[in-house]
Every structure is written in C-alpha cells, then in structure tokens.
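Asker: Sequence:
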Amino acid sequence: MRESNIYRNEIQHEEEGLYSITTKPGFAIGQTAYLVQNKGFNLLWDCITYLDDRTLEEVKKLGGVQALALSHPHYYSAQVEWAEALDATIYIHEDDQEWVMRPSDKIQFWSGETLELSEGLTLHRLGGHFKGGTVLHWENGNDGKGVLLTGDIIQVVADRKWVSFMYSYPNLIPLPAKKVAEMAEKVKRLKFDRLYNAFHRIVMENANESVQKSAERYIAALEGRLFTT
Numbered sequence: 001m002r003e004s005n006i007y008r009n010e011i012q013h014e015e016e017g018l019y020s021i022t023t024k025p026g027f028a029i030g031q032t033a034y035l036v037q038n039k040g041f042n043l044l045w046d047c048i049t050y051l052d053d054r055t056l057e058e059v060k061k062l063g064g065v066q067a068l069a070l071s072h073p074h075y076y077s078a079q080v081e082w083a084e085a086l087d088a089t090i091y092i093h094e095d096d097q098e099w100v101m102r103p104s105d106k107i108q109f110w111s112g113e114t115l116e117l118s119e120g121l122t123l124h125r126l127g128g129h130f131k132g133g134t135v136l137h138w139e140n141g142n143d144g145k146g147v148l149l150t151g152d153i154i155q156v157v158a159d160r161k162w163v164s165f166m167y168s169y170p171n172l173i174p175l176p177a178k179k180v181a182e183m184a185e186k187v188k189r190l191k192f193d194r195l196y197n198a199f200h201r202i203v204m205e206n207a208n209e210s211v212q213k214s215a216e217r218y219i220a221a222l223e224g225r226l227f228t229t
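Start counting the sequence shown at 1; every next residue gets the next number (full-length UniProt numbering).
Hints are supplied without guarantee of correctness; some may be wrong.
[To be verified] Restricting the straight-line Cα-Cα distance to at most 25 angstroms, the calculated cross-link-like pairs of lysine-lysine (PhoX-like) are:
no., residue 1, residue 2
1, LYS188, LYS145
2, LYS131, LYS145
3, LYS179, LYS131
4, LYS39, LYS24
5, LYS213, LYS179
6, LYS106, LYS39
7, LYS191, LYS131
8, LYS213, LYS145
9, LYS161, LYS186
10, LYS191, LYS161
11, LYS131, LYS188
12, LYS145, LYS39
13, LYS106, LYS161
14, LYS61, LYS131
15, LYS39, LYS60
16, LYS60, LYS131
Keep in mind that the hints were calculated from the coordinates and are not lab data.
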C-alpha cells in the first residue's frame, strides 16, 4: 500500500474504548472516523479516504476491525479498501444503496429502523440528511452513561451544548419541522450522555437533553416563534 509524503492519519484516544482517526493535513471535507471497542467487537464508524500501511498496523494493534458502519454516503469514500484490508463487513442502510458507486461482497445492506451489531452497539436509522441516515448508539461508552456517534445526521454546532439538523449543508437547506421532531423522538429513548459528530465536535455531557432542546429551538425557528417584529 502506497505511503504519502504529504498525508498521514492521526489516531487519537478519545476515551476508554474509543479512538478517532483523522487525516492530517485536512483532506476533502475533513471528516473523522471512529474505532469503537465493544466487548471484543471492534467497529469502524464512518470512513476516511486515506489509508496506508502505518494506519493498518496501528489499527491492528488495537484489535483490528470486525465491521464498518456508515452514517450516510458522504463518507463511503474508501470503505471497500478499508474493509478488504481489515477483512471486515460493511453495514449500510438499504435506503442509501443507490449511492454505492463501488459494489463489493463486503457490503451488507440492512433494513428496518435498528440493527444490533453486537451487545450494546446498535445502528438506528434516522433519515434526514439522507433517507438512510444512520447514527450509532454505544450503550457501554462513557463509563456506561452511553455515547451517540452521529456523523452529521445530527451536527454539533459551534456552541458545543447545541446541535442542528440539515438536509443540505453546502446549500444551507434545513429539514422540515416534522422530520426534526421525528429524529429527536427516535433518539429520546436512547441512553446517552455524550455525542460525537464527524468533525471531532463533542457534546461532552447531557447530550440527549441537548438534542431535545436543540430540536425544539430548531422547530420554533422554522415556525417563526423565535422571532418578534
């Protein structure tokens, strides 16, 4: 596997059982992938484009990866290369199947609203940004308080106590109020106190509460209730 003289992947320990993987200097949209260690089952959440032998060696030292799961098509990038190099299965919601540009036997399309990958590690389809938009609930993370990894299906904003929701980020097109309410309701029942997005922004505590308050504020803005004339 070819090494780059420009790029390298930085693997950073975030908390017990969780590592972030980010390409430096920033490449393309600059997303972060996460390696989750859960009771002997290692999952790569979302994907980055650059992969080299050094990265593979470090990932294997952490126990390798048994599966990849993707929040939505913007992070498919080099998912097949990662899966082949690590002999892992890729999980993508069937609603986003049309966006897979490189078919592979490594890809498994799942259906429905939830998929448990291992005990305490479950995918939830929220839709929104893409029809098959998915988040990952890691029940055992954050010392058992729970973690939600969201890609940018739920996006952490500049004030890390708040999140937002968009149909299109480049074009700044919001989601309808009804859809945001539906997404918030789906995660309300999940136990999580911390939230990681795809760009290394983190809601460190009270994350579920932050999602609910943010959804209420978002809907109020769409309905004109945040503004007075």
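Asker: Take the hints in turn and mark each one as holding or not.
Answerer: We went through each hint and held it up to the structure:
1. Distance hint between LYS188 and LYS145 is fulfilled; the C-alpha atoms sit about 14 angstroms from each other, no more than 25 angstroms.
2. A threshold of 25 angstroms between alpha carbons decides the hint, and for LYS131 with LYS145 the separation of about 29 angstroms lies outside it, so the pair is violated.
3. A threshold of 25 angstroms between alpha carbons decides the hint, and for LYS179 with LYS131 the separation of about 11 angstroms falls inside it, so the pair holds.
4. Taking the CA atoms of LYS39 and LYS24, the gap is about 30 angstroms. The hint is violated against a cut of 25 angstroms.
5. About 15 angstroms separates the Cα atoms of LYS213 and LYS179, which keeps this hinted pair within 25 angstroms; it holds.
6. At most 25 angstroms may separate the alpha-carbon atoms for a hinted pair to count; LYS106 and LYS39 meet this at roughly 23 angstroms.
7. With a C-alpha separation of about 24 angstroms, the suggested pair LYS191 and LYS131 falls inside the 25 angstroms cut-off, and the hint holds.
8. The hinted pair formed by LYS213 and LYS145 meets the criterion: a straight-line CA distance of about 19 angstroms does not exceed 25 angstroms.
9. For the hint linking LYS161 to LYS186, the alpha-carbon distance of about 20 angstroms falls within 25 angstroms, and the restraint holds.
10. For the hint linking LYS191 to LYS161, the alpha-carbon distance of about 17 angstroms falls within 25 angstroms, and the restraint holds.
11. This hinted pair checks out: LYS131 and LYS188 have alpha carbons roughly 20 angstroms apart, not beyond 25 angstroms.
12. With a C-alpha separation of about 16 angstroms, the suggested pairing of LYS145 with LYS39 holds against the 25 angstroms cut-off.
13. Among the hinted pairs, LYS106 with LYS161 is inconsistent with the structure: their alpha-carbon atoms are about 37 angstroms apart, more than 25 angstroms.
14. Between LYS61 and LYS131, the direct Cα distance comes to roughly 35 angstroms. Violation of the 25 angstroms bound is thereby established for this hinted pair.
15. Taking the CA atoms of LYS39 and LYS60, the gap is near 16 angstroms; set against the 25 angstroms cutoff, the hint holds.
16. A threshold of 25 angstroms between alpha carbons decides the hint, and for LYS60 with LYS131 the separation of about 33 angstroms lies outside it, so the pair is violated.
Checked against the numbered hints given earlier, this structure breaks hints 2, 4, 13, 14 and 16; the rest are met.
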